[in-house]
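Enquirer: Each chain, letter by letter, is given below.
Protein chains: 2
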Amino acid sequence: MSPVQTEPALHPDLTPLAFLLGIWVGEGQGMYPTIDTFDYGEEIRFWHVGKPWLGYAQRTWALDDGRSLHSELGYWRPQKGGRVELVLAHPTGLTEVDEGTVAGTTLELTSTSIERTSTAKDVTALTRRYEAHGHLLIYSVAMAAVGQPLLPHLRAELEHSS
Amino acid sequence: MSPVQTEPALHPDLTPLAFLLGIWVGEGQGMYPTIDTFDYGEEIRFWHVGKPWLGYAQRTWALDDGRSLHSELGYWRPQKGGRVELVLAHPTGLTEVDEGTVAGTTLELTSTSIERTSTAKDVTALTRRYEAHGHLLIYSVAMAAVGQPLLPHLRAELEHSS
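First to last, the sequence lines map onto chains B and X. Going from the first sequence to my numbering is simple: count from 1 and add 502. Going from the second sequence to my numbering is simple: count from 1 and add 502.
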């Protein structure tokens, strides 16, 4: 019924981001002046379908009872000259467009647009840094939201699990 | 390793959208003044994790060889009074925020924001209509893009497959 029974060849433009492919699982910590610091479990999946972009699905859960917390879905688009574009949807009612760079296995991105539904919280800027060291992926996210300046919000360490 | 081994209870706010849950598979047709009309296969998945939103993953493929065409990822957020919010990311470098209504099993949404990365095509407006009749889901998308007004772009009929 569904096609793509066999995985297509990697699109050559995806080579700089190929190190992200697969499933990463680990734990992180969230912080912000307006909330209590919290720990979370996390899974990130990166996949490809033979096109020049990576699919991205992230989800986090509470460490005590496994209940779902945040999630994100979107696409990573490598461009010429080490540029990277990222488009994301958040279940909190936000969309995010980021642009940045990939150098080796380090990605640095800054939001160029954050839009929201009429009931969503006001987030005005996000920056993201992802750094892979072999089977370890470390990322950090900074956020400007609800009247606060750009401040550290998330940090996690994930291991490649498949 | 990953939690949520058992499906959590449906969040009560999701009741108006519960008819969408599951996997829908079928075929559609794409059209626009700037392109040749084309047919495609499609799968849409709607899921929930116990929170007041639906996850949404869509992908289409060529009917001749099964190669991947478009896809979309995002979240549906029902609100009070039959309102619905939708946030989407597209691998073409677009983000989409839609607002609209659900009445019975008919959803009608209009974009309130479409943002894009610097290399993405210029899409200025989208409207979406989804209509379920038992195991059949029919949708249509109209688009204003690349200098054209809002015009029919996609239409598909999908069957509930699980």
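By construction, these hints were calculated from the structure, which means they are not laboratory data. Some clues are possibly wrong.
Same chains, same names: a pair is fine if it fits in one copy or spans any two.
Said to hold, decoys possible - Capping the alpha-carbon separation at 27 angstroms, the derived lysine-lysine pairs in DSS-like fashion look like this:
hint, residue 1, residue 2
1, LYS553, LYS623
2, LYS623, LYS582
3, LYS582, LYS553
Enquirer: For every hint, state whether the structure bears it out.
Expert: A quick look at each hint next to the structure:
1. In this assembly of identical chains, LYS553 and LYS623 lie within 27 angstroms of each other by CA distance solely across copies; the values are 17 angstroms between and 33 angstroms within a copy.
2. With identical chains, the CA atoms of LYS623 and LYS582 are at most 27 angstroms apart between copies only, with a shortest distance of 17 angstroms across copies and 34 angstroms within one.
3. Taking the closest pair of Cα atoms, LYS582 and LYS553 come within 27 angstroms of each other only inside a single copy of the chain (15 angstroms); across copies the shortest separation is 39 angstroms, beyond that limit.
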